[in-house]
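A.B. asks: Sequence:
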Amino acid sequence: MSESEPVWSPGAYTKVDVDAPLTPHDKIFGRRCLKMFRLLLSLGVLAVASVLFASPPNTANAQQGGQCPASLTVALSIPPEGAANVTATVLPEVALATPGQGAAGTYFFAWLADLDPVTALPAGQPVPVDNPRIIRGASRTQNFDHLGAGDHRVTAVLVGSDGVPCGPFVSAAITFRLQAPNPPATGSGERVPSATESILVALGLILVGSSTVALAFSRRLH
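Residues 15 to 236 (our numbering) are what the sequence shown spells out, left to right.
Bear in mind the hints are in silico, worked out from the structure with no lab data behind them. Yeah, the Cβ is synthetic: ideal placement off N, Cα and C, and Gly gets one too. There may be inaccurate statements among the hints.
SDA-like, lysine to any residue: derived pairs with alpha carbons at most 25 Å apart [stated by the list, open to error]:
id, residue 1, residue 2
1, 49, 224
2, 41, 226
3, 41, 53
4, 41, 222
5, 41, 51
6, 41, 224
7, 49, 221
8, 49, 38
9, 49, 163
10, 41, 55
11, 49, 183
12, 41, 61
13, 49, 59
14, 41, 60
15, 49, 61
16, 49, 216
17, 41, 216
18, 41, 221
19, 49, 226
20, 49, 39
21, 49, 60
22, 49, 218
23, 49, 220
24, 49, 217
25, 49, 219
26, 41, 52
27, 49, 37
28, 49, 214
Cβ-Cβ distance ranges computed for the label pairs, FRET-style [said to hold, decoys possible]:
id, residue 1, residue 2, range
29, 226, 132, 45 to 55 Å
30, 160, 209, 15 to 25 Å
31, 159, 118, 28 to 38 Å
32, 212, 143, 22 to 32 Å
Kindly produce the complete structure, drawing on both the sequences and the hints.
C.D. replies: Next comes the structure, spelled out in structure tokens:
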């Protein structure tokens, strides 16, 4: 072994001079890392935005159809106070089908919770699918326990196979009161975060950590 060759020992190469000037190779590598950090930050922001602002896809069938028969009528009934299962009866009887899948001459219901159908359903337009207070379905009975305690008004509107409500409206409305549920007998009452909230918190922590590292590295390069 020549005298110019370094001799390795267990304690060798363990001390790093953090104040030493960066070499051109270090700067090139640093700039590449910084670009990668920025890309990851952008992807993280897009992921958070997609979770926060995601909305259900628009599945309404926009084909135009004929008017509903003028003889159709809708009546609503509900069990004793405290229940939230509203049942609709159509006279004369009509064929009901899943929204967007029914043949011509079939119908479905648009259930409106605490909404005025005149303002919530634009004339001649398909029933909106992005309003959480409008439920579309072929069932003659709909549950509204999710509305919470208090007085509520539900309207059932008959909709043709083209997704457009009958014009003029073939509908009925009913008002009922939901009782507050009894408090749980046991438990701490602490709220458990949902899966979506946990994902958002994790993404936020990753974004904050990545931003801190990228900023420190950027200052180091300059």
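A.B. asks: For a C-alpha distance cap of 25 Å, please report whether residue 41 and residue 222 respect it.
C.D. replies: Distance of about 24 Å is within 25 Å: holds.
A.B. asks: Is residue 49 close enough to residue 214, meaning Cα to Cα at most 25 Å?
C.D. replies: It holds: about 24 Å lies between the C-alpha atoms, which stays within 25 Å.
A.B. asks: Between residue 49 and residue 39, does the CA-CA distance stay at or below 25 Å?
C.D. replies: holds, 16 Å
A.B. asks: Is residue 41 within 25 Å of residue 52, Cα to Cα?
C.D. replies: holds, 16 Å
A.B. asks: For a C-alpha distance cap of 25 Å, please report whether residue 49 and residue 216 respect it.
C.D. replies: Since the Cα atoms of residue 49 and residue 216 sit roughly 22 Å apart, the hinted pair holds (cutoff 25 Å).
A.B. asks: Hey, residue 49 versus residue 217, does the alpha-carbon distance stay inside 25 Å?
C.D. replies: holds, 19 Å
A.B. asks: What's the verdict on residue 41 and residue 224, does the C-alpha distance respect the 25 Å limit or exceed it?
C.D. replies: Measuring from Cα to Cα gives roughly 19 Å; hence the hint holds.
A.B. asks: Decide if the proposed pair is consistent with the structure: residue 41 and residue 216, CA atoms, cutoff 25 Å inclusive.
C.D. replies: Violated, because 31 Å separates the two Cα atoms, which is more than 25 Å.
A.B. asks: Is 22 to 32 Å a correct range for the gap between the Cβ atoms of residue 212 and residue 143?
C.D. replies: At roughly 28 Å between Cβ atoms, residue 143 and residue 212 fall inside 22 to 32 Å, so the hint holds.
A.B. asks: Holds or violated: are the alpha carbons of residue 49 and residue 219 at most 25 Å from each other?
C.D. replies: The hint holds at about 20 Å.
A.B. asks: When you take the CB atoms of residue 226 and residue 132, is the distance between them in 45 to 55 Å?
C.D. replies: holds, 53 Å
A.B. asks: Do the alpha carbons of residue 49 and residue 163 lie within 25 Å of each other, as the hint requires?
C.D. replies: The hint is violated at about 53 Å.
Going down the numbered hints, you'll see the structure goes against 9, 11, 12, 14, 17, while the others check out.
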